[in-house]
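Visitor: Chain G is already provided as a structure; the job is to place chain C on it using the hints.
Number of protein chains: 2
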Amino acid sequence: MASNLIILDEYLESRKTLVDQALELYMPAESTEPPVIFRSARYSVFAGGKRLRPILCIGAAEAVGGPIDAVMPAACALEFIHTYSLIHDDLPAMDNDDTRRGKPTSHKVFGEAVAILAGDALLTDAFRLIAGRTPVGAVKAETLLQVIQEVALAAGWFGMVGGQVVDIESEGKAPEEKTLNFIHTRKTGALITVSLRAGALLGGADADALDALTEYGRHAGLAFQIADDILNVEGDAKALGKGTGSDRSRGKLTYPALVGVETSKRVAAELVEKAVEDLRPLDERAEPLRMIARFIVERKI
Amino acid sequence: MASNLIILDEYLESRKTLVDQALELYMPAESTEPPVIFRSARYSVFAGGKRLRPILCIGAAEAVGGPIDAVMPAACALEFIHTYSLIHDDLPAMDNDDTRRGKPTSHKVFGEAVAILAGDALLTDAFRLIAGRTPVGAVKAETLLQVIQEVALAAGWFGMVGGQVVDIESEGKAPEEKTLNFIHTRKTGALITVSLRAGALLGGADADALDALTEYGRHAGLAFQIADDILNVEGDAKALGKGTGSDRSRGKLTYPALVGVETSKRVAAELVEKAVEDLRPLDERAEPLRMIARFIVERKI
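First to last, the protein sequences are chains G and C.
For the first sequence, our numbering gives the first residue as 1, with consecutive numbering after it.
For the second sequence, our numbering gives the first residue as 1, with consecutive numbering after it.
Bound-form chain G, shown alone (with noise of 0.2 Å):
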């Protein structure tokens, strides 16, 4: 189990390096016209974030075979559309975090219009990236339009959108496991699924890969979302960058205040050990995604 972790960390560090060049490529200089929107997306990409979504879909492109080039641009467009969130979601009106990862939010350092417009530009730009960065010739063109539909599904009002509506909604309610599952399968559920629909699809997934990999994001999906959950609760305020008990505070329905702390880690468990044998029809290449699963119940920040 060690020399896996190794394993795991030399993987998740090579993958974010790969990532954080493609996203310095892609994403325009702050020197850029009019620089405060380019300043804007860039601090909030460029804040510490651990790039899963981006590691999940390279995953997937290299569980069936597929080259790291083809994926990289919707790799990036997913990481845009996540960074795209959180700016929105710590909005006064939303959520209205002062800190995240330990640095104060795009708002606190901009103001509330330009985080606005820096959320819906990285957005917007998240479809430019997939339709016009990706290698051609290397992808089929209906393939990308098929990612394009299944993103901005995942995203938007069925998907990531409609989870954050209902999680607003829900605040200060009394907790139902029916809400919070539609909350967790949406807002951040969705986005990571189809992150790694995404890299099969661009990886040439055949269609019991493809299944494999869907389920996969499924239940790993899940259970990141609950060990989310349980380190708002119990995790170390100083190495999450944020204070804990926030959730609780704001009367947010989470797993641990709807069935308590051990039976969410029991839950979280069953899930990863789901995701994991979902790869079952996959071959060694799939084994960073099996180390990425357990790493999620383990991981401390």
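Derived from the structure by calculation, the hints contain no laboratory data.
It is possible that some hints are incorrect.
It does not matter which identical chain is used: a pair holds within one copy or between any two.
Within a straight-line C-alpha distance of at most 20 Å, the following computed SDA-like cross-link-like pairs (lysine to any residue) qualify [said to hold, decoys possible]:
| hint | residue 1 | residue 2 |
| --- | --- | --- |
| 1 | Lys108 | Met94 |
| 2 | Lys274 | Asp211 |
| 3 | Lys265 | Asp97 |
| 4 | Lys178 | Ala257 |
| 5 | Lys140 | Arg101 |
| 6 | Lys178 | Ile7 |
Guide: Just chain C now, kept in the frame of chain G:
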């Protein structure tokens, strides 16, 4: 001229009806879960817009002999993007407008959080529409990818969002023509120009026709924005559905503020003539676009 206006009215009315029917088809019902995101999005999409961008998109396709159904998802996507930009522009952190087209703005009805999310969802779903709803076989997949890329560029940080950032930053500052041109070209011009390019590309335009329609879009788009500025100064508040003189009281950079109303009118008229001239390579199927250009400086709302 009188009979031309009647013909134009018929054209605008018939195409607007087609667009409204398609929007109804593409928008989820209000009863879909979670209801408030769809209720709020529908509220703004069906708030009485003229559908100028979809009609220009359809008009460009028709001008080169393309079928309407191939262009309709892109036309509606442009209306989604236009609507999202209005919802976000009206927010308290931006222009802080309480009414639009005579109705309370989205955040006044649904609250700021839902208004932000409704805008996010409409922007996201615009790309799903183009990628996923354009009839298979009507357009080459590569063409659709080009349209998606161009729409994202026009709506994003190099286009509409970039223009809005500079618009907000320039409020209350000494007017400069360079800055005003930057704002107008990007904030409204880019989306209008890409409406014509998308229609032309999806309608199967050759390179000359694409160039002609692009130039038409540049000139007509700028004329439209100047006419909008003039209306803000001297239009009838009731007909416009918003207060007049609001730009000046906010210290907004506008053409009338920079060069006066009379010179603004002359510049707009010259741009209209250029736009009509741009269409010289096209035959009588471009007549609606010629009439629309002339209509821009005569419009009362």
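Visitor: Among all the numbered hints in the text so far, which are the ones the structure does not match?
Guide: 3, 5 and 6
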